[in-house]
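Quick mapping for you: the protein sequence lines, in order, are chains U and R.
Be aware that the first sequence starts at 1, since it is given in the numbering used here, and climbs by one per residue.
Be aware that the second sequence starts at 1, since it is given in the numbering used here, and climbs by one per residue.
No lab work stands behind these hints, which were simulated from the structure alone.
Please note that a few of the clues may not be correct.
Claimed, not checked - Calculated pairs, DSS-like style, for lysine-lysine (alpha carbon to alpha carbon, straight line, at most 27 Å):
hint	chain 1	residue 1	chain 2	residue 2
1	R	Lys-113	U	Lys-174
2	R	Lys-138	R	Lys-120
3	U	Lys-174	R	Lys-172
These numbers come from a predicted model, not from an experiment.
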Amino acid sequence: MNSTWSRFNITSIVLGFAFLYLPIVLLIVFSFNESKLVTVWGGFSTKWYVSLFHNQGLMDATWVTARVGVISATVATVLGTLAAITLTRYTRFRGRVLFSGMVFAPLVMPEVITGLSLLLLFVAVGLDRGFFTVTLAHITFTMCFVAVVVQSRLVSFDRSLEEAAMDLGAPPVKTFFQITLPVILPAIISGWMLAFTLSLDDLVIASFSSGPGATTLPMKIYSQVRLGVTPEINAACTILIAVVAIGVIIASIANKRREIQRQLDEQAAQRG
Amino acid sequence: MKSLGSIRRDFAPWNDPNAKPYIQFDKVTKKFGEFTAVNNLSLTIFEREFFALLGASGCGKSTLLRMLAGFEEPTAGRILLDGQDLRGIPPYKRPVNMMFQSYALFPHMTVEKNIAFGLKQEGMPGPDIEKRVAEMLKLVKLEQFAKRKPHQLSGGQRQRVALARSVAKRPKVLLLDEPLGALDKKLREETQFELMDLQQELGLTFVVVTHDQEEAMTMADRIAIMDKGEVMQVATPAEIYEAPTSRFVAHFVGNVNMFEGKVAEHTANATRITGATGAEIVVDNGGKAAAGSDIVFAIRPEKIKVSSKKPADAVNALEGEVYDVAYLGDMTVYHIKLDDGQIVRASALNASRVTEDPLTWNDRAWVSFRPDAGVVLTR
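Kindly produce the complete structure, drawing on both the sequences and the hints.
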């Protein structure tokens with residue numbers, strides 16, 4: 001394979017990365033801007049980060065988002081895992097195709113429709129909109145993502161592990177908690193993290209289902225931007241990016257290490 | 001019929017009319033939807049027996065094993081273990097343990113924990129578990145691997161962990177599903193003998209499922225040959241090989257030559273068979289087939305002698321031409337094309353380094369065999 005750097009290669013890489021990352025780099029750079037004007041560079045400063053932590057509105061929104069994220073991701077993980085287990089294990093019940101289709105439909109459902117229909121439901125049953133309804137809405141739309149992740153792991157799960165556990169005297173419930181759950185746990189954790197991230201950056205559904213006192217961070221940022229972008233918002237976004245990036249990097253390093261360790265182990269095992 | 005010889009230890013409860021059966025399949029049928037995996041099958045296995053279920057894939061042997069373990073319930077019929085009907089008893093309450101083809105080691109537990117799993121389930125106290133686990137590790141020679149996880153072991157080591165885990169609870173019966181299928185040939189041969197020793201040492205009843213006839217012949221006291229959900233024959237390895245009762249069994253185990261023919265006549269101690277060619281075969285054990293009936297005469301290649309001249313004293317001798325010769329080192333395999341066109345396979349042990357009667361392609365040759373060298377099959 002030709003691996004030399006041709007001019008064409010370099011150009012396409014630079015353009016591609018610029019297209020992807022220029023906006024984000026700009027945002028990060030301007031979060032360290034001394035000037036109050038967002039688009040005029042006035043020297044380096046971290047003052048917007050300091051003032052960010054004194055902005056009660058933004059801090060409240062962050063707290064709401066974190067709580068909604070953790071609670072909805074946890075409940076969605078439990079429900080999504082149960083749905084995945086049902087769909088992979090009980091393959092012969094009536095209406096399975098319809099059921100699995102319905103579990104996965106929200107993946108491609110436009111968010112506006114999901115949000116609007118949830119709003120209609122909450123109004124119809126007379127639920128006061130607020131923290132509870134946002135959480136409920138996030139459970140609804142993240143659950144199917146968890147189900148997809150867990151189901152893909154369950155498909156390759158060796159059923160004889162469970163049979164071996166039962167054969168050795170473990171009743172079905174014990175088998176599930178001692179064998180099945182630990183083995184599929186990495187997929188469940190990925191599912192939880194996916195659900196948490198989705199909840200973290202959701203604006204549309206939250207806007208429909210939220211009420212007074214339950215403003216999430218994306219909603220807060222959006223509403224502030226409408227009054228004009230401040231460097232404070234840039235700082236808030238930079239922190240969000242940093243949090244997500246650090247999470248992704250740690251996860252991939254851990255994964256890589258595990259992979260390398262596994263290969264070393266296997267080589268050692270082959271040698272005896 | 002003369003005795004087939006006993007090369008195994010003196011253990012034959014199946015010949016004792018008073019022996020108590022240990023495992024009994026009583027007219028067992030198992031259907032999966034329209035498909036009948038096991039069809040009205042009856043089978044008896046005795047205590048401390050090493051029993052092999054041998055058959056091609058899809059013959060129902062694994063289903064039989066899974067019904068014994070409790071993963072499947074029979075559609076009809078009963079399975080008795082030590083006199084107890086197993087119907088409705090879930091796998092986790094049956095006194096049998098199984099070694100899985102994939103080994104099914106718990107990937108998140110160490111070797112030690114894997115072996116201890118079954119003992120913990122029955123509520124054995126901690127110190128006793130430790131003692132038993134140490135004992136098991138010693139038995140399979142894996143003492144220094146106790147703290148390893150399954151993925152840190154080689155295939156042979158994993159197999160031994162699976163074995164230790166399945167015998168740790170001292171089950172009444174150990175079920176082994178293709179126990180050596182994932183090992184390479186050399187390791188497989190070693191492990192066959194290890195398994196036999198282990199079975200002797202623990203005094204357990206082993207039921208092994210395999211598609212490998214050599215494996216079954218080596219290890220088992222008795223073999224059940226299965227086809228399409230039915231048992232074709234249950235017998236010792238020697239009987240299966242030397243006295244098959246059907247074409248299927250004769251064909252399934254080892255190599256065999258088959259001659260189609262009719263029973264011409266029974267004399268005092270011999271039976272004359274006339275083949276399609278008019279060539280006559282005399283055998284001394286064709287008594288069961290009625291005169292005039294269509295039969296098949298089956299004979300193993302190593303029981304046929306090949307020579308360039310017609311042996312003077314041969315009762316049965318057929319003439320033909322050398323069609324193919326394969327020199328395999330320990331023996332030479334000849335394909336002789338008889339004058340009627342049938343090809344006969346004969347193998348000769350190369351007992352000396354030079355042969356006095358060399359035969360090569362297109363030579364005229366005679367095949368000859370004794371009257372007791374083959375069997376007459378009616379089905």
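Okay, the hints, checked on the actual structure:
Annotation: proposed proximity of Lys-113/R to Lys-174/U holds, straight-line Cα distance about 16 Å (limit 27 Å). For the hint linking Lys-138/R to Lys-120/R, the alpha-carbon distance of about 19 Å falls within 27 Å, and the restraint holds. For the proposed pair Lys-174/U and Lys-172/R, the alpha carbon gap of about 23 Å is at most 27 Å, so the pair holds.
The structure shown violates none of the earlier numbered hints.
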